[in-house]
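Student: Protein chains in written order, with our numbering: chain A, 1 to 519; chain B, 1 to 561.
Hints in this document: simulated from the structure, not taken from any laboratory. Computed from a predicted structure; not experimentally measured. Beta carbons: idealized from backbone N, C-alpha and C, even for Gly.
With a straight-line cut-off of 16 Å between C-alpha atoms, the simulated EDC-like cross-links for lysine to aspartate or glutamate are:
#, chain 1, residue 1, chain 2, residue 2
1, B, 258, B, 180
2, A, 368, B, 441
3, A, 218, A, 178
4, B, 525, B, 509
5, B, 327, B, 441
6, B, 442, A, 360
7, B, 525, B, 513
8, A, 368, B, 439
9, A, 510, B, 59
10, B, 325, B, 347
A few chain B residues that face chain A, going by a derived Cβ cut-off under 7 Å, partial list only:
#, residue
11, 76
12, 81
13, 82
14, 86
15, 206
16, 446
17, 452
18, 456
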Amino acid sequence: MSQNADHVLDHFDLFRGPEYQEMLANKRNLFENRRDPAEVERIREWAKTEEYKEKNFAREALTINPAKACQPLGAVFVAVGFEGTVPFVHGSQGCVAYYRSHFSRHFKEPTSCVSSSMTEDAAVFGGLNNMIDGLANTYNMYKPKMIAVSTTCMAEVIGDDLNAFIKTSKEKGSVPAEFDVPFAHTPAFVGSHITGYDNAMKGILQHFWDGKAGAAEKVERKPNNSINFLGGFDGYTVGNLREIKRIFNEMGIEYTILGDNSDVWDTPTDGEFRMYDGGTTLEAAANAVHARATISMQQYCTEKTLSFIADHGQEVVAFNHPVSVKATDRLLMEISRITGKEIPESLARERGRLVDAIADSSAHVHGKKFAIYGDPDLCYGLAEFLLELGAEPTTVLATNGGKDWAARMQALFDSSPYGKNCKVYPGKDLWHMRSLLFTDPVDFLIGNTYGKYLDRDTGTPLIRIGFPIFDRHHKHRYPVWGYQGGLNVLVTILDKIFDTMDLATNMPSKTDYSFDIIR
Amino acid sequence: MASLSATIQDVFNEPGCARNTHKSANEKKKGCTKQLQPGGAAGGCAFDGAKIALQPFTDVAHLVHGPIACEGNSWDNRGAASSGPAIWRTSFTTDLNETDVVFGGEKRLFKACKEIVEKYDPAAIFVYQTCVPAMIGDDINAVCKAASEKFGKPVIPVNAPGFVGPKNLGNKLAGEALLDHVIGTMEPEYTTPYDVNIIGEFNLSGELWQVKPLFDELGLRILSCISGDGRYQEAASAHRARAAMMVCSKAMINVARKMEDRYGIPYFEGSFYGVQDTSDSLRELARLLIERGAPAELRDRVEKVIAREEARAWAAISAYRPRFKGKKVLLITGGVKSWSVVAALQEAGLELVGTSVKKSTREDKERIKELMGQDAHMIKDMTPREMYKMLKEAKADIMLSGGRSQFIALKATMPWLDINQERHHAYMGYVGMVKLVQEIDKTLFNPVWQEVRRPAPWARAGDTWQDKALAQFEAEAAELAADPVKAEEARRARPVCLCKGVSLGSVEDAILDFGLTTVDGVKEKTDASGGCGACAIRIEEILEAGAFVGQPTQARNIAAE
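Construct all of the structure, not just a fragment, from the sequences and the given hints.
Tutor: Listed below in structure tokens is the structure:
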């Protein structure tokens, strides 16, 4: 036996041992009714062809390897960004377990979130009782300041009315009448996690601004000098929000970050468990109605929210996940215009440093081809940055991107000579991407952890930028916004370019004539 | 065996160098390389020069005898390429410590040689002397001799401790080590009438390999390349070559010249940078080989290959003409200064608006005028401010230069392409020129430059350093234009001799006051050209320009250029 108590092997080594190899081979040969390996190989090669791609793109019903998640995930993302708030998902508990593990695997932090644990009876008779009991239990067990309700498909299919349910629950004493329970309907069969973000954020603002579902007076807006900031669904929220706060402080701006989850997903290890940490205070959320304007970093995450805010009399400005120098320039100029604050010398220097770094390294990025997938705004921001670097974002794909987004991407391509051969793929999945990587090969792929299969199958090195990143740690701590963020993205891209160069040149006496220490 | 100082004097007396033969006995003693100025930002030392000249021998263990400083900061720092052995990249040093300094490092060196032989068994060991063991009196020649005998393996002393002088001197001392201990110590397995040596070529980025297929096609055998992708045995049997090409004259002229003296191997100075130069070099090699008995039909074969390759290269290069229309180049270069680079750039449709003449000879300058016209800007030293001014006035779209100028160019927001040794592309031979033009194309059209030049959108006009520099420039120019006295002062204040800090005015005064007519005369009175001697050419020009009094300022400015 290769495995014994004196020397326990982990899975990397154990199953490579002869007895396991033999066992697996026997299983394959004797019980699996194995296909002819030559035929498997033939199909594998065929799947790389243009012919296969056509069939792949003719797919109508089946989604394979989607690059999106569901609405309630976005709703939970929003809810944890408010002070003392428990996300409460009305629906089945399995879904909620997914959200918690999804975030915990990405942020390496616990993510508190409860469900109303609907069962078969609830599916038949409606989930009111689950809501009544669930709110009461949550209130008593976790002592929250707010419970933000969203829904899974189950509740949506049977048509549970959250507004009425919450009202009834309050009447039944689940939570005090004045306790804040904002809500949003977030069915997974509509949109994706970015839609969920939008709905949940709008739901919370609506709750505070429009009279708490009839429990209070509607707030009258008295414009002040403050601005509101919406990050959108963002895997880099910890680093990004801190960076944005730093920039605002440098500029001397009064601001409210709506949904500040940067602390709850980065709590210190000091002996105290923090179920809640930081977050936008409920008072600030309510007062955000008075702000002069609201800035959204991700247009496609905040469409409904922004229109809601605009209806309340504020100016709203949306960006598409700015990363490039130009995009960050625009962001700062807009902030400066809205607030009347000058852009300080410290930020001008940061800009100069990013430009300097780009100039130092651009020769390595210039002319390279990239495939990008992810959320629509992230794709846009990255493609814009690559074009600025003289690279070609040849393939840009967002499973949750729509026609409007595709048109915007195309306009971006059209604005640069490097966009000439670039194509946008709205509503496509990672199996489409796989075909594209074979038929329209690129030098590098940018995407989340799931891209590692594409990396392996197509040999296109994966640059991990996006959500979720499960198999690399702590990336979320580093901003991808602001000039500092642009620098981080540049370095992430360069690291992979140089690693790839080293890998291609590391064979002793074969390729290592180019295995250089100076790149 | 000659002492180190005798070897150095010998190296300084180089009859193969045209400039050197024109020098007085006194000047020769000082050597041909610029002596270091205390307080200046200096280049590498003799050790560094010796190490980089020999390091590309790939099957040799390069052992640096000294404290960690010498090897620790420098190992594997050059992009020479090897087609096989990797041991040249492994860093070996005796890493001398305090005890060694007190008691001497010779035993440690001997043991280090032993360990290398036991563990690696390389073709040879090159032992590099450094300052500390040289100062405490370690006799590496004796240790190497003993080690060679004991281990039956060539252990070659390379005696170029840093303090003896600059990098270039180290290159030559490395050559001396080869001449004294390596070349002629082995016999090749066989010889052919087509055996050639290539001297002073380091195969950076593998660029020799771009030319090698042509050699193979013509049946020319590179018996030894010193030292790019070199092997010990090849260098040791290099004395049987029929002809030699010297590629980097500054580094290894002593090797080529002494091999001609000792073994009768004729050499010429050639270059594979540029289409024309490559052709000329192939022709010259063929001529020398035929003179020494190779069949005359070689000439026809060479011409055929040249015609084919040139046609291909020019076709590929001229394809860039439409893209390069109206684009202007500023050429600031130390290493790649072959004029056929200029020819290639012009063929591709680029306009040369200026070139550096800091290291150029008078012939070089004439050549520049010939190629670029009388109006060519010859630039001695250029500040970022001046660079920016040229850029701003659309006088240049791109700068080609060595790595040293890189950061200045970038800060001055000038598109820039590296054509010296720290680059990552091979520009040698016919394909190399096409590659260079390709890279220029990539650089010119890199959108990064737009980004780099674009001021922050919130910057007010006149507020950027560029605007301020230009304003200052204009203010200064206006001030000088308005005040002839000041203009004359500024003109006279321009430096002629940087080493000794002598201005143009002092030189002119001396010429007028003492009626001087020779460089030596000027040197005697002003000390100008008493340092590195590089400004002697400038002084000649000043002398030629004649009397200064009463001449219009413009004519004087031409003289001042």
